[in-house]
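Novice: Please take these sequences and the hints and turn them into a complete structure.
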Amino acid sequence: MTMPKKHSDLAINGDNAVALAWKQIDPDVCAAYPITPQTIIVEKFAEYIADGEVTTEFVCVESEHSALTLCTTSCSAGARTFTATASQGLAYMWEMLPITSSMRVPVIMAVANRAVSGPININNDHGDVMSARDCGWLTLFSENVQQAYDMSIIAPRIAEHPDVQLPCLVNLDGFILTHAIERMTPIDTQIVKKFVGEFKPMHPLLDVKHPVSHNLMDGPLFYFPHKYQMVQAMNNALKVAKDVFKEFAEISGREYHLVEEYMCEDAESIAIVLGSSFGTMKEAVDQLRREGMKVGVAMPRVFRPWPIEDLAKLMKGKKSVIVMDRHLSVGAYGPMFPEVCAAALENKDVPKMYNFIYGLGGADTMVSDFMSVFKDVKDGRATRINYLGVKQ
Amino acid sequence: MDTEICWHGRGGQGVVTANEILAETAIYAGKYVKAFPEFGPERMGAPIRAFARISEEPIRVHTQVYEPDIVIVIDPSLIGKVDVAKGLKKGGFILANYPGTPEELQKAIGTTAKCYAVDATKISTEEIGRPMANTSMLGALVKVRPIISYGELEDHITTKFTGKLSDKMIVKNLSALKRAYEEVQ
Numbered sequence: 124m125t126m127p128k129k130h131s132d133l134a135i136n137g138d139n140a141v142a143l144a145w146k147q148i149d150p151d152v153c154a155a156y157p158i159t160p161q162t163i164i165v166e167k168f169a170e171y172i173a174d175g176e177v178t179t180e181f182v183c184v185e186s187e188h189s190a191l192t193l194c195t196t197s198c199s200a201g202a203r204t205f206t207a208t209a210s211q212g213l214a215y216m217w218e219m220l221p222i223t224s225s226m227r228v229p230v231i232m233a234v235a236n237r238a239v240s241g242p243i244n245i246n247n248d249h250g251d252v253m254s255a256r257d258c259g260w261l262t263l264f265s266e267n268v269q270q271a272y273d274m275s276i277i278a279p280r281i282a283e284h285p286d287v288q289l290p291c292l293v294n295l296d297g298f299i300l301t302h303a304i305e306r307m308t309p310i311d312t313q314i315v316k317k318f319v320g321e322f323k324p325m326h327p328l329l330d331v332k333h334p335v336s337h338n339l340m341d342g343p344l345f346y347f348p349h350k351y352q353m354v355q356a357m358n359n360a361l362k363v364a365k366d367v368f369k370e371f372a373e374i375s376g377r378e379y380h381l382v383e384e385y386m387c388e389d390a391e392s393i394a395i396v397l398g399s400s401f402g403t404m405k406e407a408v409d410q411l412r413r414e415g416m417k418v419g420v421a422m423p424r425v426f427r428p429w430p431i432e433d434l435a436k437l438m439k440g441k442k443s444v445i446v447m448d449r450h451l452s453v454g455a456y457g458p459m460f461p462e463v464c465a466a467a468l469e470n471k472d473v474p475k476m477y478n479f480i481y482g483l484g485g486a487d488t489m490v491s492d493f494m495s496v497f498k499d500v501k502d503g504r505a506t507r508i509n510y511l512g513v514k515q
Numbered sequence: 091m092d093t094e095i096c097w098h099g100r101g102g103q104g105v106v107t108a109n110e111i112l113a114e115t116a117i118y119a120g121k122y123v124k125a126f127p128e129f130g131p132e133r134m135g136a137p138i139r140a141f142a143r144i145s146e147e148p149i150r151v152h153t154q155v156y157e158p159d160i161v162i163v164i165d166p167s168l169i170g171k172v173d174v175a176k177g178l179k180k181g182g183f184i185l186a187n188y189p190g191t192p193e194e195l196q197k198a199i200g201t202t203a204k205c206y207a208v209d210a211t212k213i214s215t216e217e218i219g220r221p222m223a224n225t226s227m228l229g230a231l232v233k234v235r236p237i238i239s240y241g242e243l244e245d246h247i248t249t250k251f252t253g254k255l256s257d258k259m260i261v262k263n264l265s266a267l268k269r270a271y272e273e274v275q
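Heads up: the protein sequence lines correspond to chains A and B, in order. So in this note's numbering, spot 248 of the first sequence is number 371, and the numbers just go up one at a time. So in this note's numbering, spot 170 of the second sequence is number 260, and the numbers just go up one at a time.
Source of the hints: derived by calculation from the structure; they are not laboratory data. The structure presented is a predicted model; accordingly, all values stated were derived computationally and were not measured. Check each hint, because a few of them may be wrong.
[Unchecked claim] Chain B side only, calculated, beta carbon under 8 angstroms to chain A, not exhaustive:
{"hint": "1", "residue": "Val-123"}
{"hint": "2", "residue": "Ala-125"}
{"hint": "3", "residue": "Gln-154"}
{"hint": "4", "residue": "Tyr-240"}
We put the beta carbon where it would ideally sit given N, CA and C, even for glycine.
Specialist: In structure tokens, the structure reads:
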């Protein structure tokens, strides 16, 4: 007996969801090198290529450094180009990261967030992407498998916009999302294709009628102004992202924002967090609300450009703000903490600011752990910087 | 209310696949699921766990399962070595691949919690030709707690493995599923 499905949703893990988005977009070129927990994305996409379901040219490379070099040049030649990596792979690409962005080519890269060695560790934290945060890439975060898919479709629209022209990192938490099966609502392929549209490179090298050179040497006269142009592009990306989110809501029914908020409006204390922990913290917030605590949680969906105005507005009038960092700049703070503090300074009254470092190297952070964070702040046990769950 | 499940087995015994089949079947039946293996390097023969959270509502919690409603033990050799009853919710139960009675299983685990036993090693050896207990455990599970229906499970296993396993092997797995459904006590 065949049971008809009750809906058209999929049972799919995060990596396969990204690969499905790529298949629907059908980019011109893909080059990548396998690394856990990203591997499934490129394996699945290679299957689509082998089965003739996409027309993408896949280029085998011997390293991540070569992968990103190839992607950068292929995109500057005029091809829509995607790649994916994690952890050491992103570290190995690092030399190329600021070159890709300064060449203003909108390469799309999925990052299956994983701790950076050492000690060697394959589990999730945000050490990889945070080490890339100063490299001029647009940076998006996802809370669950659905969002990893959605962000993969949204990314090229922001990155390729004529006012932006910057590469984009699409983050999904390693294992927690990449290897977890969740229920996901896909979008019809024709609708995805229409939404993402044709790639229109601005100054492609292969346009022989309009010959150009890319990535020339800049003396002091041009280097700084060129960096400033990237600042302007990032500023433009805030508006472009908002517009693209609106358009995406029309095709999907799912609405995204520069900063996602949960129960923040009347909250006295709010936490700011990235990635899958946003979901787990919503549960912590609900449980604390039942105990009478006025708390909320927010996630910067867009981490680069940093949505400083939206964050400032969010923090207005709050008693305390807790920044949850899944990475640590050893000897200082978590990387998001000073950035949230800078946003808080936009307001006349600055809340009490706390930094919690959590979940490094895959340390599983439970709902009760997140609840203890709010309670530690309320009861005066928290200090400026705290290391959740580590014996001190 | 979520149903939280924790699987215990060894690398290579199909724990991850069984969890996947359960998750996919539940999703296609209209439920929400978060299902994943214990994160880390997998080694053949080493004890591993897998987790599933199944709900009528969208799932927001992404952590491992610490207080399962259901514990499923695929490998009887883990009993007495791994604390499989750890964290089991009040009113929860343990379903194990075990050749004895539920009372003997309770004693072997050292628990007063409700236990169900099914000799999945024997069933799979006789039906499939090798001791691959994972599909049998799914058959036993839907008998003692019909989170998904037997029919939905049978249908999804057929769909999932068509083209990947021979028709003969699919039929053998379905026989194991059915026998475990009937024989679990």
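Novice: Less than 8 angstroms between beta-carbons is the criterion; does Gln-154/B satisfy it with respect to chain A?
Specialist: Since the shortest Cβ distance to chain A is 5 angstroms, the answer is holds.
Novice: Does the nearest C-beta of chain A fall within a distance shorter than 8 angstroms of the C-beta of Tyr-240/B?
Specialist: violated, 11 angstroms
Novice: Does the CB of Ala-125/B sit less than 8 angstroms away from some CB of chain A?
Specialist: At about 4 angstroms, which falls below the 8 angstroms cut-off, the nearest Cβ of chain A leaves the hint on Ala-125/B intact, so it holds.
Novice: Was the hint right that Val-123/B lines chain A, CB cutoff 8 angstroms?
Specialist: Result: holds, 6 angstroms to nearest chain A Cβ.
When each numbered hint is compared with the structure, a violation occurs for hint 4 only.
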